[in-house]
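Since each chain comes alone in its own frame, lean on the hints to assemble the complex.
Line by line, the protein sequences give chains A and B.
Here our numbering is used: the first residue of the first sequence is 2, the next is one more, and so on.
Here our numbering is used: the first residue of the second sequence is 31, the next is one more, and so on.
Calculated from the structure, these hints are not laboratory results.
The structure displayed is predicted, hence computed values, not measured ones.
Hints may contain errors.
One-sided excerpt, in silico: chain B residues whose CB lies under 8 Å from chain A [to be verified]:
| hint | residue |
| --- | --- |
| 1 | 39 |
| 2 | 40 |
| 3 | 43 |
| 4 | 59 |
Note that CB positions come from ideal geometry on N, CA and C, so glycine has one too.
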Amino acid sequence: MKSIELLGASLLDWLEAVGRAGIFLVQSIFRLPVRFKESVNLLVKQLYSVGVLSLVIIIVSGAFIGMVLSLQGYSILAKFGSEEAVGQLLALSLLRELSPVVTALLFAGRAGSSLTAEIGLMKATEQLSSFEMMGVDPLRRVIAPRFIAGVICLPILSLIFSASGILGGHLVSVQWLGVYDGAFWSSMQQSVYFDTDIMNGLIKALCFSVVVTWIAVYQGYECVPTSEGIGKATTRTVVLGSLAILALDFILTAAMFGDF
Amino acid sequence: MRSKRSELLVGCFIILGVVALVYLAVQVSGLAFSSKKDTYQVVARFDDIAGLTNRAKVSIAGVAVGNVESITFDKKLYMALVTMNIDSDVNNIPTDSSIAVLTSGLLGEKYLGISIGADDEMLKDGSEIFDTQSALVLETLISQFLFKGGDSEK
Chain A
2 MKSIELLGAS LLDWLEAVGR AGIFLVQSIF RLPVRFKESV NLLVKQLYSV GVLSLVIIIV
62 SGAFIGMVLS LQGYSILAKF GSEEAVGQLL ALSLLRELSP VVTALLFAGR AGSSLTAEIG
122 LMKATEQLSS FEMMGVDPLR RVIAPRFIAG VICLPILSLI FSASGILGGH LVSVQWLGVY
182 DGAFWSSMQQ SVYFDTDIMN GLIKALCFSV VVTWIAVYQG YECVPTSEGI GKATTRTVVL
242 GSLAILALDF ILTAAMFGDF
Chain B
31 MRSKRSELLV GCFIILGVVA LVYLAVQVSG LAFSSKKDTY QVVARFDDIA GLTNRAKVSI
91 AGVAVGNVES ITFDKKLYMA LVTMNIDSDV NNIPTDSSIA VLTSGLLGEK YLGISIGADD
151 EMLKDGSEIF DTQSALVLET LISQFLFKGG DSEK
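Okay, chain B solo, but in the shape it has when bound (with noise of 0.2 Å):
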């Protein structure tokens, strides 16, 4: 009887191991178990992309749509070229759209985020978005913002 109780509680320590791996995947890394989407890749070139990361999302109206596949810089136009994923059943974006590096909340993390345009045309796999505006640099906001001070003055 002993090492059929004991045989019991190896069998449930092990459940509870897997047990802890899916909770430690599902509620703390957020890993979702559907497969793979599928996604077409757009570029953009940017000024200044200050502080954006590879994985960081791609939204629309605040909703994630995608996420920053790579970040390099363009030696010829010395701007940085963003490829990102976005999903391909986000299929209607059109070209005339703008893309912005945004800043969750004072300090947070940074993301893209696109307002849509009016062109007919959409977007496809490898087309690119030309209407960029660059992050926010907190140094040049304040420069910016002491020099005006400074001129008011006069």
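Only chain A is shown next, with the shape it has when bound in the complex (with noise of 0.2 Å):
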């Protein structure tokens, strides 16, 4: 008897968390600062602290894995006598996998542990209900900047990886291990389509992008008000954000390119 009521209580906890979740990301969408000017003044500093500053870490892992990919596609292709193809490994498996999924992993690690820490902070030294107190919506002024920022980000920042790699990618197999170089270009234009994998590869990140900061926000913004609680908030979003990223890819993936 008391098993049951736990599972019908912990059931109900978890409804009650999405449903809040789910009113909390339809407030912040919707909750821009009324004045233009100021509004877009709080996105332009959001926009920098979670896209400029992931620019590194993403074109630099971008460029090693186009490398990575290369060294190990050519090792096995030059079994077949078709090292051409490589190209084509390369662009397909970056556009249509990798870099969407890397990307928004390492986002969720860099972009939204620090949103979390941020927001939970905030909560903690009591400027979430100060600004309430000065009659200012914090999920205008704090969240829904952060939020719009994070979904601009991520695809930006996965097209800048694809290319990222693609380069590094070329310079390994062409400068290093001597692919010919027109035969890398052409059979990668041969095999990608610009509609159906680059356009899904942004589709891709888009979700991801939306998904990662909705969780980051909210786990910042519902965190328990201690250094430990914000401890916490900050790993559930690393470990969530990944978890649905991957899950969301499968379901994606099999929307997508399932008919093949």
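See below:
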């Protein structure tokens, strides 16, 4: 009897949390500050801390992943005498899977955790309540710009990741391993389609960006306002965010490329 | 000053994103920004197309002049009905030209190659190429070769 009660209670708790998070999402989307100039200023500040500061890690890891992919791909493709297909392998795996997923994972670790910690600390030091006392809606002033900046940044970062990965792969396979340059690009261009591959990758990145930023700002806003609570909330952001990205990626891939 | 600098960097960030998108579109997917070319449709029936796909290229003398629009099964004749789009500036293909399913390289993609005929009439929108050659299927080739080998030993 006791255990059934516990099960029911935990389900209700979970439903309540999901419902709160949903309401929170809707409220933070539609509540940018009223004055246009002010909201742009807030947004630019967040775009800087979420996007520009993540640029280095995205470019560096993109280049290295492209380089590793071409090394591994070359050593296997060379067995079949079709080294030129390394361009196709590189571009398709980067555009369809690796760049949205790895960018989102890095984003959850780099930007998501800092968003949670920042908002959580604001809550712990009662800055959020003092905003309310001054008659400023904290959702409007603090959450909405962060959420929108995150949603804008991740797709852009994913594009930059793809470009940097392809350049890195080109460096290794053409300059180092000696794949013929023209064949590298032509095998890539024959197999990559703008509307199916690049656009689907962008749609994936957009979905991940909404989910990751949502989790990050919600965890920060709802955290227990102690130093331990902030730590736990930050960990939850990274863990939940990564799990959500990987599960969502499977669903999106099945929907987009499932009929191949 | 601080906010001016961050505004500048955010601008650079967005420009970098757009540059990456254009780079991926042009260099990686080979997207051409020219407006969609005028084409006319030609059909052909094949005994066996063996792995030809939609959007495969149609070439004359190795140069791409069009692509495959659709591949359907002709129920009456038990043949593959291939509809292709050919650029309308290539309007001088004789009606008795022949078309074959070819393979680029040993294991590469399948494409269609047109060999020019000698007729005075030219292909128009909706006309059909009657002289078709099916794809070379490796299994059929090998079995033919084995069959002939057995014959010559007798």
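How the hints compare with the structure:
1. With a least beta-carbon distance of about 5 Å to chain A, the hint placing residue 39 of chain B at the interface is held under the 8 Å criterion.
2. Residue-level restraint check for residue 40 of chain B holds (minimum Cβ-Cβ distance to chain A is 5 Å; threshold 8 Å).
3. Proximity of residue 43 of chain B to chain A holds as hinted, the smallest CB-CB distance being about 5 Å (cut-off 8 Å).
4. Contact between residue 59 of chain B and chain A, as hinted, is supported at the beta carbon level, the nearest pair being about 4 Å apart and thus within 8 Å.
Every hint from the earlier list agrees with this structure, and none is contradicted.
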